[in-house]
Amino acid sequence: MESMKRNDNGPMLNAYPDSLGGNLGDIVNFLGKKELKDVFSSFYILPSLFNTDLDRGFSVIDYSLNELYAKREDLEKLEGLGIDLKLDFILNHASVLSKQFQDIIKNGENSKYRDFFIDWNKFWDGCGEMTKEGYIQPRADLIKDMFFRKPGLPILMVRFPDGKEVPYWNTFYQEVRYPTLDAVDIRNITGVQYSIADGLANLLNKGLSEGKSPSNILNEINIYTDKLSDNQKKELCERLESERKYLGQMDLNIKSPLVWEFYDNTLKTLANYGAKIVRLDAFAYAPKEVGEKNFLNEPATWDVLTKVRELADKYNVRLLPEIHASYEEKIYEKIANKGYMTYDFFLPGLIIDAFEQQSGEVLKRWADELVEKNIQVVNMLGCHDGIPLLDLKGLISEERIQSVIDTVVKRGGYVKDLHGQKNVYYQVNATYYSALGEDDKRMLLARAIQIFMPGKPQVWYLDLFAGKNDHEAVKRAGAGGHKEINRTNLTTKEMEDGLQKEIVKKQLELLRLRSTFEVFSNDSEFTMKCDESKIFMEWKNREERAVLKADLAYCAFEIFVEKNGEKVYQYK
Numbered sequence: 005m006e007s008m009k010r011n012d013n014g015p016m017l018n019a020y021p022d023s024l025g026g027n028l029g030d031i032v033n034f035l036g037k038k039e040l041k042d043v044f045s046s047f048y049i050l051p052s053l054f055n056t057d058l059d060r061g062f063s064v065i066d067y068s069l070n071e072l073y074a075k076r077e078d079l080e081k082l083e084g085l086g087i088d089l090k091l092d093f094i095l096n097h098a099s100v101l102s103k104q105f106q107d108i109i110k111n112g113e114n115s116k117y118r119d120f121f122i123d124w125n126k127f128w129d130g131c132g133e134m135t136k137e138g139y140i141q142p143r144a145d146l147i148k149d150m151f152f153r154k155p156g157l158p159i160l161m162v163r164f165p166d167g168k169e170v171p172y173w174n175t176f177y178q179e180v181r182y183p184t185l186d187a188v189d190i191r192n193i194t195g196v197q198y199s200i201a202d203g204l205a206n207l208l209n210k211g212l213s214e215g216k217s218p219s220n221i222l223n224e225i226n227i228y229t230d231k232l233s234d235n236q237k238k239e240l241c242e243r244l245e246s247e248r249k250y251l252g253q254m255d256l257n258i259k260s261p262l263v264w265e266f267y268d269n270t271l272k273t274l275a276n277y278g279a280k281i282v283r284l285d286a287f288a289y290a291p292k293e294v295g296e297k298n299f300l301n302e303p304a305t306w307d308v309l310t311k312v313r314e315l316a317d318k319y320n321v322r323l324l325p326e327i328h329a330s331y332e333e334k335i336y337e338k339i340a341n342k343g344y345m346t347y348d349f350f351l352p353g354l355i356i357d358a359f360e361q362q363s364g365e366v367l368k369r370w371a372d373e374l375v376e377k378n379i380q381v382v383n384m385l386g387c388h389d390g391i392p393l394l395d396l397k398g399l400i401s402e403e404r405i406q407s408v409i410d411t412v413v414k415r416g417g418y419v420k421d422l423h424g425q426k427n428v429y430y431q432v433n434a435t436y437y438s439a440l441g442e443d444d445k446r447m448l449l450a451r452a453i454q455i456f457m458p459g460k461p462q463v464w465y466l467d468l469f470a471g472k473n474d475h476e477a478v479k480r481a482g483a484g485g486h487k488e489i490n491r492t493n494l495t496t497k498e499m500e501d502g503l504q505k506e507i508v509k510k511q512l513e514l515l516r517l518r519s520t521f522e523v524f525s526n527d528s529e530f531t532m533k534c535d536e537s538k539i540f541m542e543w544k545n546r547e548e549r550a551v552l553k554a555d556l557a558y559c560a561f562e563i564f565v566e567k568n569g570e571k572v573y574q575y576k
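With the sequence shown counted from 1, adding 4 to any position gets you our numbering.
Wrong hints could be hidden among the right ones.
The calculated EDC-like cross-link candidates involving lysine to aspartate or glutamate, where the alpha carbons are at most 20 Å apart (straight line), are [unchecked claim]: (1) LYS249 x GLU214; (2) LYS103 x ASP66; (3) LYS553 x GLU536; (4) LYS338 x GLU326; (5) LYS472 x GLU506; (6) LYS311 x GLU326.
FYI, nobody ran anything at the bench for these hints, they're computed from the structure.
With the hints as constraints, model all of the structure from the sequences given.
Structural data, given as structure tokens:
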């Protein structure tokens, strides 16, 4: 296929900066290979590109480049290849290690960032009762509809320099770490005999590792704590509490002008890196009001997005709000109606369902809806997360969703429940290739369907290389490590070897087709037809016509492109 002008809806690679080769420079070299010419027009680099600490990038300390993985010249080389970027902006929270939160820990009430994050007690003032632990317990009627990501109230108790304990809103992860004291430390603090200090050290360090507080441990009755006076216990607690450290993702206070300065500066930074699309992570948690659900509050969420878009427009950046919700809630449609791009989180599960049911009926219905409602989407097969299940609710039956789950689990995947709730499905974790039974024909047809669906196709790097479930990575990761099944880093040699495989070569050809023919642009006409297992997908404009004919039962398909009635491309 000759090199042509790329269309705006061209394919987008998706990877961590260390996924291919080890750093962003290796990925740039990969994208510069002749085999990758005219394949990708965009690259979604996950947020470990930035200075981050947790959640493989989704806890941002600041948006400077991660020096371990990326250099400014890497971004400049991507621009030279004609590849623009999609980057993440985590709208709701920032890391405990951010300069703003560290300033609060250091300066307390005197910090200029005192209200950059949400003081729980200020927020709920007059709306509950103060507990002995120092935080307000909101009235039951005010939180009965509130959305919780984890058990208990979403707070992190933060110690100010004067010893005051202040609760800050913490929707997502938190961790409190205390120093490890040995017998000598405890002897120096309390003056007790060494054997008692040694027993106390073992007692304290064991209890702290189990998540107990110093005061609770020291108030337990045993032969060691019985040797301490109340004053000695107080001194020991004070030492531990004064040196405690935190990890976590702290919710930003969108009512603070400093937060909006931060938003503006961040969008400017991302645009300067080459971002044309900015994915807004956790945006639905940002607006908070007493008595509300505090997840996708309306109209407050849309008001916040409008203000963020006004900032983004200054830097010629499109926003892509990210949210998982069931089809029947129609959140995707609300986002689209507000003029934003949205994610097609339905397609991955629908394609698996179509293969299992040997029917393209629901795929056609969904494609028709995208066209009729002019919904601009980014779609995908696999991604850094799992294959969405919650999103399918209301689009296909519960029985068919369960069939998708059973199929993928039978092929080695793992089911993720919704925020720890058993039997409330959220996603299933597997590589897409393994989810399809590690069948090359299915994988190629799935990719062909993706590139013919309306939207901008996003391509997870492991899908491109037909990656298989990595169960060893899940074992190494331990509890909660199910996502590692689909995050295997590839060495440079594995990339080179992969480029010689037919499954990779053919996917690259399909993606190049999508990237180079202008018939796939938004202003072309799309139609889809379905007759049980047989599907017909067509794009056409005044000059070009691209057609996919496929049979889901046999995973057979053909593609051709015509220009002014003459066939100019045939997929073989």
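Going through the hints against the structure:
The straight-line distance between the Cα atoms of LYS249 and GLU214 is roughly 16 Å, inside the 20 Å bound, and the hint therefore holds. Taken as a hint, the LYS103 and ASP66 pair is honoured in the structure, with Cα atoms around 8 Å apart against an allowance of 20 Å. Note on LYS553 and GLU536: the hinted pairing holds, with a Cα-Cα distance of about 13 Å set against a maximum of 20 Å. A C-alpha spacing of about 12 Å is found between LYS338 and GLU326, which places the hinted pair at or below 20 Å, so the restraint holds.
Taken as a hint, the LYS472 and GLU506 pair is honoured in the structure, with Cα atoms around 16 Å apart against an allowance of 20 Å. About 17 Å separates the Cα atoms of LYS311 and GLU326, which keeps this hinted pair within 20 Å; it holds.
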